[in-house]
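Go ahead and model the full structure; you've got the sequences and the hints to work with.
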Amino acid sequence: MANSINRKIATTYFISGRKMTTVAIVGVLLGISIFIFMNSLSAGFDRQSSESFFKTTAHIRIYKDDVLSAPLQPENENSVLIVNPKVVPTKNTIENPNEILDLVRQNEDVVLAFPQVNTPVFYNNGESQIAGTTIGFPPMEGNQMYKIETFMVQGSIQNLELNRSGILIGSGIAERMNLNTGDNMNITSSKGVNLNLTVVGIFQTNNSKEDKTKSYVNVAVAQQLLREGNTYITDINVNVKDPNQAPDIAADLSKLTGYKAEDWIAANASYMAASRMRKIVITFISFTLLIVSCFGIYNILNMTVSQKINDIAILKAIGFNGKDVVRIFVYQALTIGMIGVALGVGFAMILVNILSHVYIGGDIGNFPIRFEPFVFLKGISIGFVITFLAGYVPARKAAKVDPVSIFRK
Amino acid sequence: MILEVKKIEKFFHDPVEFKVLNDISFGVKKGEFLTLVGKSGCGKSTLLYVLSTMDTDYKGELIIDGEHVSSYGQDKLAAIRNEKIGFIFQFHYLLADFTCLNNIMIPALKLGKLSKEEIEYKAMEKLRMLDMTDQALKPASKLSGGQQQRIAIARALINDPLIIMGDEPTGNLDSKNTQVVFEILQELAHEKGQTIIAVTHDNDFAKASDRTITMSDGRIV
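Protein chains in written order, with the numbering used here: chain A, 1 to 409; chain B, 410 to 630.
Just so you know, the hints here were simulated from the structure itself, not pulled from any lab data.
Glycine included, each C-beta is placed from N, C-alpha and C at the ideal position.
Heads up, some of the hints might be wrong.
[Stated by the list, open to error] Where chain B lies over chain A, by a calculated footprint (3+ residues, C-beta under 8 Å): (1) 5-17; (2) 266-279; (3) 320-331.
What follows is the structure in structure tokens.
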């Protein structure tokens, strides 16, 4: 009951001062909508870049790293020994790949792990040759990791599983060699192995360098091209539940297996640094806008408090205490906040919707922005917090008004 | 005794230390119509604000309805003002954004003892008593001075307070309205047993009251 009268007074002030409150609402609207919009943009960029990374990169790649020879220790302090450390010549393969794979799969964060063999090849096209790389992997697991089916233009990834001597080629290769699904082609490896393979599918990533050079085969074919047996594995690719946890899990896997485990963040360090920088700038700008709109509310409530100082004195005289006065003005601030946030969310949705239909081109397609529930929730809660604070400070001032000093003037 | 003060002292500190109330002690009986008179600056309004519990910066004891309120905190004092004290100010002091009816209802809504319908009925009754029913739904700012003063009286009465305090309640009214207000106050004191304490400059007004306390230089004379 006592609360409802506070609300009634707040509502009356809200309506009687509608010009000023409208200005405050527009301020919150702009602040919140731009905040949500810019943070959606940032989230969209992040998603876009990690999606494009994960088309070609695993979350974690386990491989045999080069080892430097240990420097010889001099026998005593007087003798001088000059040795240049060198890379120890060893095979760059993973020993016992199946055991390592089992070990990796036991980690509860790992959702997917499979062996991969990469090898440089020539695609033979009559007299001329096209240099490229072929990637040998188990097709279904590879598809799960790289989402190859999403950029297939002919054939399918299943055909590679069914046809052990099949090959998936990039659209650039297909174009230059005039190949279609079902045609045979000849490739030569760096070890001089010649193989006839059947084209079972063509993919197009919109990254023209990849499309002109890359192909996918079964692991056995890649091993054959390198004249190696079925235990020859150069890389183990691992996907984990949360890509952002990859660095920690990579460190664990590295200890567990004794091989180098490199996470995608370390592998793309310079790109990640640029993206972090972009994030900082966007956060800074969007928070500045929020603070500006927060000052709008603060100013307008401050003005209301000064205008209503007589009213506050009367209310105190007839039995309203300091807390009631704080509530009256905080209600007013929160009403402004609520309307402003609601309209701001609507406006942000419109902005996001418009921009998500803008075509950019390349392998990006439409502008990488979409409705991000988390960003909207963040915007809404921050909006309420700042409107509360912007209302609370002037309300405190109002609560401290001394009615006697007003009546005696 | 409905209200009692013992050895009230109060200082103004700005611009120089000045003793505005000096050793004030008196009591007011239930149903008494008391006026405070004295020259400008004698401290009578200051005393009224001390009695009203709004001014807490004083030494001495204030007892309202048996409660020693001098040591009470602001929230508790606000509750006492709401329930036990009604105010009528010189410059009517209505909330301009509300209708007359709402102005009258606000203290009762704050008290929260009756439902909204009951309060509205009661407020209309007070308006009828003051012959103001036709102004009920007008905004307070649209009324003349005398009308606003009557609305303020209705607001002071809505919670049936034990004590009604007025700071020059007829200060800016013409003689006809002054007479009306005086009669209302007298009726409240004598027929409803409510205690009236009013500061006034108007000698006729003071003479017609039950008791007059005259002040000079911060003391009762």
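Annotated coverage of the region 5-17 of chain A by chain B, confirmed only when three residues or more have a Cβ within 8 Å:
As far as the region 5-17 of chain A goes, the hint holds, because 6 residues have Cβ atoms under 8 Å from chain B.
Cβ contact check, 8 Å cutoff: the region 266-279 of chain A against chain B, three residues minimum:
Answer violated; 0 residues pass the 8 Å Cβ test.
Tell me if chain B covers the region 320-331 of chain A under the three-residue, 8 Å CB rule, please?
It holds, with 5 qualifying residues against the three required.
Taken one by one, the earlier hints fail for this structure only at number 2.
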